[in-house]
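Peer 1: Numbered according to the UniProt record's numbering, the sequence shown spans residues 1 to 415.
Keep in mind that the hints were calculated from the coordinates and are not lab data. Honestly, I wouldn't trust all of these hints.
For lysine to aspartate or glutamate, the following EDC-like pairs were computed, each having C-alpha atoms within a straight-line distance of at most 16 angstroms [claimed, not checked]:
hint : residue 1 : residue 2
1    : Lys48     : Glu36
2    : Lys48     : Asp26
3    : Lys345    : Asp255
4    : Lys51     : Glu29
5    : Lys399    : Glu36
DEER-style ranges, computed between Cβ atoms [said to hold, decoys possible]:
hint : residue 1 : residue 2 : range
6    : Asp255    : Lys305    : 24 to 34 angstroms
7    : Asp237    : Glu263    : 17 to 27 angstroms
8    : Glu89     : Pro284    : 23 to 33 angstroms
9    : Arg92     : Glu130    : 16 to 26 angstroms
10   : Val311    : Asp255    : 46 to 56 angstroms
11   : Lys305    : Glu130    : 26 to 36 angstroms
12   : Arg302    : Glu263    : 39 to 49 angstroms
13   : Gly123    : Glu325    : 46 to 56 angstroms
For every residue, glycine included, the Cβ atom is placed at its ideal position computed from N, Cα and C.
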Amino acid sequence: MGADGELSLPTLTPVGAPSGSRSLEDCYEMKGQVGEGMYGKVYKMEDKNDKGVLVATKQFRMDNEKDGFPITAIREIKLLSKFTADREERKRKGEKSNGSDDFVVNLKEIVTSRATTENDNKGGIYMVFEYMEHDLAGIRDNKACRFDLPQIKLIMWQILSGLNACHKNKIIHRDLKCSNVLMNIKGDVKLADFGLARKMGDKSRMTPKVITLWYRPPELLLGHDGNASNRVGAEYDEGVDMWSAGCIMAELLLDKPLLPGKEENDQIFRIFKMFGRPTNREWPGVENFVFYKRMIDQEHQRKKKFVNEFVSHMKNFAKHRMTEECLDLLCGLLSMNPKNRMKSKRACSHPWFHEGANIYPDREDLGWFNSQQYLKTKQSLARTLTQVDDSHEYEQRLKRKREKQQGRPMSRHFN
Numbered sequence: 001m002g003a004d005g006e007l008s009l010p011t012l013t014p015v016g017a018p019s020g021s022r023s024l025e026d027c028y029e030m031k032g033q034v035g036e037g038m039y040g041k042v043y044k045m046e047d048k049n050d051k052g053v054l055v056a057t058k059q060f061r062m063d064n065e066k067d068g069f070p071i072t073a074i075r076e077i078k079l080l081s082k083f084t085a086d087r088e089e090r091k092r093k094g095e096k097s098n099g100s101d102d103f104v105v106n107l108k109e110i111v112t113s114r115a116t117t118e119n120d121n122k123g124g125i126y127m128v129f130e131y132m133e134h135d136l137a138g139i140r141d142n143k144a145c146r147f148d149l150p151q152i153k154l155i156m157w158q159i160l161s162g163l164n165a166c167h168k169n170k171i172i173h174r175d176l177k178c179s180n181v182l183m184n185i186k187g188d189v190k191l192a193d194f195g196l197a198r199k200m201g202d203k204s205r206m207t208p209k210v211i212t213l214w215y216r217p218p219e220l221l222l223g224h225d226g227n228a229s230n231r232v233g234a235e236y237d238e239g240v241d242m243w244s245a246g247c248i249m250a251e252l253l254l255d256k257p258l259l260p261g262k263e264e265n266d267q268i269f270r271i272f273k274m275f276g277r278p279t280n281r282e283w284p285g286v287e288n289f290v291f292y293k294r295m296i297d298q299e300h301q302r303k304k305k306f307v308n309e310f311v312s313h314m315k316n317f318a319k320h321r322m323t324e325e326c327l328d329l330l331c332g333l334l335s336m337n338p339k340n341r342m343k344s345k346r347a348c349s350h351p352w353f354h355e356g357a358n359i360y361p362d363r364e365d366l367g368w369f370n371s372q373q374y375l376k377t378k379q380s381l382a383r384t385l386t387q388v389d390d391s392h393e394y395e396q397r398l399k400r401k402r403e404k405q406q407g408r409p410m411s412r413h414f415n
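Go ahead and model the full structure; you've got the sequences and the hints to work with.
Peer 2: In structure tokens form, the structure reads like this:
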């Protein structure tokens, strides 16, 4: 199916119920909309059979699907069902929870809605997830919420653990950004939105037109010019997720986006300006790409070479949070050469998480979570998240729109 190959429809088996046996109207009561994107809409709902239990339902947009079920939905269901099955298997065996897949949002079931005149007699299909009160984009856009350094470490450690779960299962997320990092009032952080995710080793050609611009790595941007022989993006791997994680980490430390490009040309310009222009010595083959030559032209126009300003930038704008270990992790995640980028497993056990009193669980002993400092920090993060109203990117965007219409000072806006 296009550049990303064919996928067959998976068996849509709700957790604990036969396929197609449950309807949205019978099971859940609408509480409000909390998200919207190209795929469709996300709603907050309450379980009718278990009062007080909230879920998030993701409705798939079927309007333009000539061939039936959306391919992004097929991918997301297939990949998330693997994590759900692993959790159920651990539960069946009576094993402790807190496996690395607990840092990926839990798909509970698939339900259908009835065909009515309001939906052109088509009905609909919904994925049902555990409800998470916030996403990182929404909470960062909320002026009432600020994270201290231990909380930032905890958030990043959980993000990296989620990536480790994906990469261990040979899954590339391909759209890691703040709005796809969910948080609940217990201090849990989980990765979401696997509509663009792919299995590693997929023989079909992968498109470089993935990952939201601010979090997109250079190997995808350098391959966007349309020349098939120059498309680096056709051969990328899980390193694309690690670059995105590095951008999120820098954003949390700086309290603003690291590389807020306006379009693709501007984005690669910002990356070269921040990290310097790599050569074949640092990144074999990089000088062969058309866009690379345009960056040399930019240097001539500016009469100034692109040099690596990243370390000095971080020290200047986040100096109270910077340590050598912090910079080492950032530089490992944000290596221009994707082959040199730090892997998720190694990143989870990086010394930055063990600096001072902030001792985090060993990656190989993930099931125990017995560090007192870890628990203390998680309780602190939970208190911070409990003190603010539900904050999702969609809700904050509506709030800014209302403030603008009323002529009031607007909330800070990053994503």
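Peer 1: Next step is simple, just say for each hint if it's right about the structure.
Peer 2: Structure-based check of each hint:
1. A hinted pair counts as satisfied when its Cα atoms are at most 16 angstroms apart, and Lys48 with Glu36 does not qualify at roughly 24 angstroms.
2. For the hint pairing Lys48 with Asp26, the CA-to-CA distance comes to about 8 angstroms; that is within 16 angstroms, so the pair holds.
3. Of the pairs offered as hints, the one joining Lys345 and Asp255 is violated, with about 26 angstroms between alpha carbons and a cut-off of 16 angstroms exceeded.
4. Taking the CA atoms of Lys51 and Glu29, the gap is about 10 angstroms. The hint holds against a cut of 16 angstroms.
5. Restraint check for Lys399 and Glu36: the C-alpha separation of about 15 angstroms stays at or below 16 angstroms, so the hint holds.
6. A C-beta distance of roughly 29 angstroms is found between Asp255 and Lys305, which places it inside the suggested range of 24 to 34 angstroms.
7. Between Asp237 and Glu263 the beta carbons are some 25 angstroms apart, a value that agrees with the proposed interval 17 to 27 angstroms.
8. Separation of Glu89 from Pro284 is about 42 angstroms and departs from the stated range, judged on CB atoms against 23 to 33 angstroms.
9. Range check, Arg92 to Glu130: about 19 angstroms between beta-carbon atoms, so the 16 to 26 angstroms window is met.
10. With their beta carbons about 18 angstroms apart, Val311 and Asp255 fall outside the hinted range of 46 to 56 angstroms.
11. At about 50 angstroms, the beta-carbon gap between Lys305 and Glu130 misses the expected band of 26 to 36 angstroms.
12. For the pair Arg302 and Glu263, the supplied restraint of 39 to 49 angstroms is violated, since their beta-carbon distance comes to about 19 angstroms.
13. In this structure the hint that Gly123 and Glu325 lie 46 to 56 angstroms apart at CB holds, the actual value being about 53 angstroms.
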